[in-house]
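Student: Going down the list, the protein sequences come from chains Z and L.
Heads up, the first sequence is in my numbering, so the first residue is 18 and it goes up one at a time.
Heads up, the second sequence is in my numbering, so the first residue is 144 and it goes up one at a time.
There's no promise every hint is true.
The calculated label-pair distances, taken between Cβ atoms and stated as ranges, are [what the hints assert, rightly or not]:
(1) L:211 / Z:86: 36 to 46 Å
(2) L:205 / Z:75: 17 to 27 Å
(3) L:180 / Z:250: 34 to 44 Å
(4) Z:86 / L:210: 53 to 63 Å
(5) L:379 / Z:52: 38 to 48 Å
(6) L:162 / Z:256: 51 to 61 Å
(7) Z:52 / L:157: 25 to 35 Å
(8) L:252 / Z:45: 19 to 29 Å
(9) Z:245 / L:171: 34 to 44 Å
(10) L:162 / Z:45: 27 to 37 Å
(11) L:180 / Z:185: 24 to 34 Å
(12) L:197 / Z:45: 13 to 23 Å
In silico contact screen, one side only, chain Z against chain L (beta carbon under 8 Å); selected entries [said to hold, decoys possible]:
(13) 119
(14) 123
(15) 157
(16) 159
(17) 250
It is worth saying that the hints were derived from the structure and are not from the lab.
These numbers come from a predicted model, not from an experiment.
Think of the CB as a built atom: it goes at the ideal place given N, C-alpha and C, for glycine as much as any other residue.
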Amino acid sequence: MTFRNFRLVLPFAGPGATTRDGFITHVGRRSLDAGRALRDVRTWAPLLAVQMRRLGVDSVPIALFIAVFTGIVLSLLSSYIFTGAVPLYFVGALVGKTIMMELGPVLTGMALAGRVGASIAAELGTMKVSEQVDALETLAYDRYSYLVVPRVLAATLMFPVVTAFAVAVGVASGWITAINLLDLSTTEFLKGLRQFYQFKDVWFGLVKSASFGFAVALMGCLRGLTTQGGAQGVGQSTTSAVVLGCEAILVLDAFWALVLL
Amino acid sequence: MIVLDSLTKSFGHASVLKGLSLEVPDGQNTVIIGPSGSGKSVTLKLIVRLLEPDSGRVTVDGANVGEMDRDELAVLRGRIGYVFQFAALFDSMNVAENIRMGLVRRGYDEQAIRERIEESLEVVELRGSEQKMPAELSGGMRKRVGIARAIALKPRYILYDEPTTGLDPVTAAVMDQLMVRTRDLGVTGLVVTHDMRSAFSVGDRLAMLHEGMIRQVGTAREMQASHDSIVRQFIEGRPERVTLEPPVRRSVG
C-alpha cells in the first residue's frame, strides 16, 4: 500500500515522509529525538521559567479580556433563554458549568493558539531561515532540547494556569452582570452555581487546557523548524501553526468529551 | 585531517554534488572556489552533519562522521568552528552572550568564559562590543563576531562559509587577515568563496568545484597558471562566451 502524501495525515512531516516506509521512519526518528531531548534536562531546564513567563504570564491579559466578555454574554444569554421557562437562578449554573468545562478552556486555547502558536512559529522560523538553528547545532546544542522542549513544557504547564484565571474572571463577570443587569441576587446566583457543581468540572477543563497547550506549542515548534525560504516561508509557517493549533484544539475538545464525560 | 570521499547530494531532482572528493590537510587554509549554487556551502554542512550525504563518506581525524551518534557528533562539533555566511548570530542575545553559548555548553567556569570572550573579541578587534546586540552591528562586525564565537572554543578546524561576501573591500581585507591569523594560531581552515581576491589572499591550497566535483586542486600560483579553460574562466571572471551573429553587410554595386 502506498500513501500518496503523508503530509495530509501529519502536516509537519518532512519531505521524506511521503511513503509508508518514509512515514514510519519519520515517526520513529521524531520519537527518538523527543526521548533524547526530554532526557537532556541540563539544556532545557534553565530555559523553562523564561518560556513559562513568555507563553503563560504574558498571555494572561488577553485571556482575561476574553473571559470578562464571555461571562457577560453568557449571563445575559442564559437569562434571555430561561425567562418564563426556567428559574432564573439557573443562570449561575449555566455560566459556571459552561465557562469551567467548555468556553474557558476552548476560548482561552484559541486565543493562545493565535498568540503563542504564532509567536513560536515566527521565532523558530526566523531562526531556521537565518541559520541560527544550524548555528545552535554547530555549538553542540540539540535543537529539540533547546528550542522545542522548554516551549512545549511551558505551554503544557501554563495553559491550565491561564485558563484557571480566565474561568475565575469569567464566572465573576457573569455574576456581576447577573446582579447588576438581571433581576438576580448574589445568593440566587451562587445557589445556581453550587447546585450542579462537581469537582470534575474544574479538572476536566484544566486537563483539556493542558492538552491544548501541548498541541499549540508543538505545532508552533514543528512548523517553525520546518520553515523554508525567507520572509514568505516564515509567514506561511506562522499562519499554518495558528490554523493547525486551532484545529487541534477542536479535535482534542471532542476527544476529551468522548473520553471523560 | 578532513577527508571528503565521493560525496553525492541531491535536493529533489537537482543533483548538487556528484562525487566530490577532497583532502583538507592540517595547519593550512584550503579554499573551495566555484560559482554560486555549485554546492560549496552544502559541502561545509556535510562535514558537521547539518546535512547528510546521499552517498560517500566524510572523515574527520580518521572518524567517519556519518556513523557518529549524537554524543560523538557533539564532541566533533566541539572541534570544528563554523562561520556562517550571514554570521547567524542569535539575535535575542548580545555579542558576549553569543560567544558564551558554546563555552557554557562545554562546561567552562565563569572566569574561564569571561577570559575566552575577551580573548576572542581581542583577536577580531571588537573589544568593547560585548553588550551590543547583533542588530546594532554592521555586516562586517557581525561576521567578525561569528569568527570570535568560533575561535572562542579553540577549535581544531574552522569552516568559513562565504566570509567576505557582501563586504566592502576594506572589511573584506580585514576578514582575510583574520583567517590568516587564525591559521597562524594553528587552526586548519576550510573556506568556501567565489571571491577570488580573498581566495588567493588566504588560501594555501585552492580547489575548484565545478558541476558537483573537484575540477582542480593546487596552490594559488598553480591555479593561476592552470590551462584548464573552466578554471581559467572562473579565476579571470570571464562570462560564458556569447556568440553574436556578425552584422550582415550588404554589398553595394
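Student: So, for every hint listed, does it hold in this structure?
Tutor: Consistency of the hints with the structure:
At about 56 Å, the CB distance of residue 211 of chain L to residue 86 of chain Z disagrees with the hint of 36 to 46 Å. For residue 205 of chain L paired with residue 75 of chain Z, a C-beta distance near 50 Å fails the hint of 17 to 27 Å. The given range of 34 to 44 Å is broken by residue 180 of chain L and residue 250 of chain Z, whose C-beta atoms sit roughly 19 Å from each other. The hint said 53 to 63 Å for the Cβ distance between residue 86 of chain Z and residue 210 of chain L, and at roughly 59 Å that hint holds.
Checked against the hint of 38 to 48 Å, the pair residue 379 of chain L and residue 52 of chain Z fails, with Cβ atoms roughly 55 Å apart. Separated by about 41 Å at the C-beta atoms, residue 162 of chain L and residue 256 of chain Z break the suggested range of 51 to 61 Å. For the hinted restraint 25 to 35 Å between residue 52 of chain Z and residue 157 of chain L, the CB-CB distance of approximately 34 Å keeps it satisfied. Checked against the hint of 19 to 29 Å, the pair residue 252 of chain L and residue 45 of chain Z fails, with Cβ atoms roughly 39 Å apart.
The hint said 34 to 44 Å for the Cβ distance between residue 245 of chain Z and residue 171 of chain L, and at roughly 35 Å that hint holds. Between residue 162 of chain L and residue 45 of chain Z the CB atoms are about 30 Å apart, so this pair conforms to the stated range of 27 to 37 Å. About 58 Å separates the C-beta atoms of residue 180 of chain L and residue 185 of chain Z, a value inconsistent with the hinted range of 24 to 34 Å. Between residue 197 of chain L and residue 45 of chain Z, the C-beta spacing of about 20 Å keeps the proposed range 13 to 23 Å intact.
Because the beta carbon of residue 119 of chain Z sits about 37 Å from the nearest beta carbon in chain L, more than 8 Å, this interface hint is broken. Contact between residue 123 of chain Z and chain L, as hinted, is not supported at the beta carbon level, the nearest pair being about 32 Å apart and thus beyond 8 Å. With its C-beta approaching chain L no nearer than about 4 Å, residue 157 of chain Z sits inside the 8 Å limit, and its interface hint holds. At its closest, the beta carbon of residue 159 of chain Z sits 7 Å from a beta carbon of chain L; the interface hint therefore holds under the 8 Å criterion.
A least Cβ separation of about 15 Å between residue 250 of chain Z and chain L goes past the 8 Å threshold, and the interface hint is therefore violated.
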